[in-house]
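Asker: Here is how the chains run, residue by residue.
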Amino acid sequence: MNIVESLRVALRGLKVNKLRSFLTMLGIIIGVGAVIVMVAIGQGAKNSVTNQIQGLGSNLLIISPGQSNSGGVRGGAGSLTNMTMDDVTAIQQQADAVAAVAPMASRNAQVVLGNQNTSTQVIGTTPSYAAVRNQSVDFGRFFSQRDLDSRAKVAVVGTTVAQNLMGNSNTNIVGRIININRVPFQVIGILQSKGSSGMTNNDDQILVPITTAQSRLIGSQSVRTIFVEAKTADQMNAASMEISTILRHRHGLKLSDPDDFTITNQSDILSTAEGITQSLTLLLSGIAAISLLVGGIGIMNIMLVSVTERTREIGIRKAIGAKRRDILFQFLIEAVVLSLLGGIIGILLGGGGASLMQKLSGMSTQVSGTSVVVAFLFSAAIGVVFGVFPAQKASKLDPIDALRYE
Amino acid sequence: MISLKNLTKVYATGDVEVRALAGVSLEISQGEFVSIMGPSGSGKSTMMNILGCLDRPSTGEYFLDGLNIAEASDNQLAEIRNQKIGFVFQSFNLLPRTTALENVELPMLYRGLGAKERRDSALRALNAVGLGNRVHHKPNELSGGQQQRVAIARALANKPVIIMADEPTGNLDSKSSEEIMAIFQQLNEAGITVALVTHESDIALFSKRIVRFKDGRLDSDETVGKRNLAQGPRLDLAGSPGQLEVAGL
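From first to last, the protein sequence lines stand for chains A and B. Counting from 1, one number per residue, gives the positions in the first sequence under this note's numbering. Counting from 407, one number per residue, gives the positions in the second sequence under this note's numbering.
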């Protein structure tokens, strides 16, 4: 008997018990669907984290102050206030592998416009910030070197701030005077929206010249963070070493002293984040794979019941000339058809579920081609693995015993 | 055509050995119509299982159509059952939820014949047993006599050299029984060898030869002198050469 006839016989066997066949498939449908959805969620999370980190800027190094350690009392990371604008200038002038440098000094402030007010983060920086952090201006302009030198009271606001202060007609805010901690600033531009990354909303901020911020808002000459853009991706390590040398020299550290600053490489953050989402994906799909396994056991269970129930049929088939192989294939194909059909339905449901989730909860998901192929092959393999034992049991039945079975 | 020499069959159940057959020698030639009779436990069912190649003898020789059955493998036995033997059972043993036509096609499916050939042969076989208008009925929509006729059509499908019937009338009323026996008689007249197991003497009297078993041995072997002629519908065998071909002639 050829494979097409075997398939026909097997399909007929499944059709006779439609409800049972469907319920058996349900285990596989849920398992495969869960795997597809879980991998899609993991993949989506990974993509959005990667996008956010890359949205920080390209070839980015982030320098933050080290811990303070006075009289044996350690402060938190970044508690030192030892970085200044002079450090920034030195890095800009002396490091060869560096393309641009942008300092940042920030504090939270109450911002008032007319009868509206909001609390937001005010960041003092330099014009190169726009390039280093991939931050462009949608309306108006970014502040210039001249604004910086003259300590001009100008501000570029994020879209959330503009929205909070102006309502919907937020482009009108350009040209208006806002009070930041009672200091009047003129709004000269609106930042392009970057959305939120994790818990922080990138659009809820105000950029002002760092000179103005230090003198008018913060009252300290220290720089909170220095963002450095390396010339190329290959030169990131070189830039990091140069910066380290320059800062150690400027801070007068001895050879044996530890760094009083920390340089974070963007690609390190990226690989860490990817590692986290990767293991998240593995964990989720591992749990889903267990349900797939349970589905496989369900198939085996039903196939065993089916073999017992159809003992007489097997006897008849053997008596009129079915070989062991014919019976084996009949039941094996039934199991594989069950699991494959379940797999296909599961893939469709999983794909649909993933996009539905994206629509309803805004969680970004991405169905990966690999997971579809793997789920398909895995469900076929489950059919074979869990179908072989019942099919073999059927094929080994003695025709005389099988015919006598009531 | 069938030749048994000193056949034995021993079943080992635990420590006890049961000798179902204790040395049986028997010849059945082509064109015979043999009834196998005997009380329960006489070994007639074991005999039928071995004759039908469902079981192998413990010792002894069995030649069917020149083939040595005692030494055949499981796969070879399946092939012999498929192509040389047509089975008719007491409880019909049709596949449930499957039409008469598909039931008759089944042996040809396992033989590997194409769909069209299977269908044509199955239709001819069903026509021959008078069920041409019932081909799409399922077993539960047919009477016992009709089901047994489907089973006979199935037995004829692969043009077997012998038809083996195990109590074929055991589940039928006397009228249907006689109709079934009429079919066997006509098939036998057309040249087909028939062997049947029965415990009813009046059924055995429809055949030409009666072999009696007792305690696993041949007790008697006699030709039927005054043979019964069964009343039943006449089969469309003689008139159609195509049908004779189905019957293996």
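Hints were generated in silico from the structure; no laboratory data involved. Please note: incorrect hints may appear among the correct ones.
Said to hold, decoys possible - Here are a few chain A residues that face chain B, going by a calculated C-beta distance under 8 Å: (1) 14; (2) 16; (3) 321; (4) 322; (5) 324; (6) 401.
Glycine is no exception: its CB is placed at the ideal position from the N, C-alpha and C atoms.
Asker: All the hints need checking, so say for each whether the structure fits it.
Answerer: Hints, one by one, checked against the model:
no., hint, in the structure
1, 14, "violated (12 Å)"
2, 16, "holds (6 Å)"
3, 321, "holds (2 Å)"
4, 322, "holds (5 Å)"
5, 324, "holds (6 Å)"
6, 401, "violated (10 Å)"
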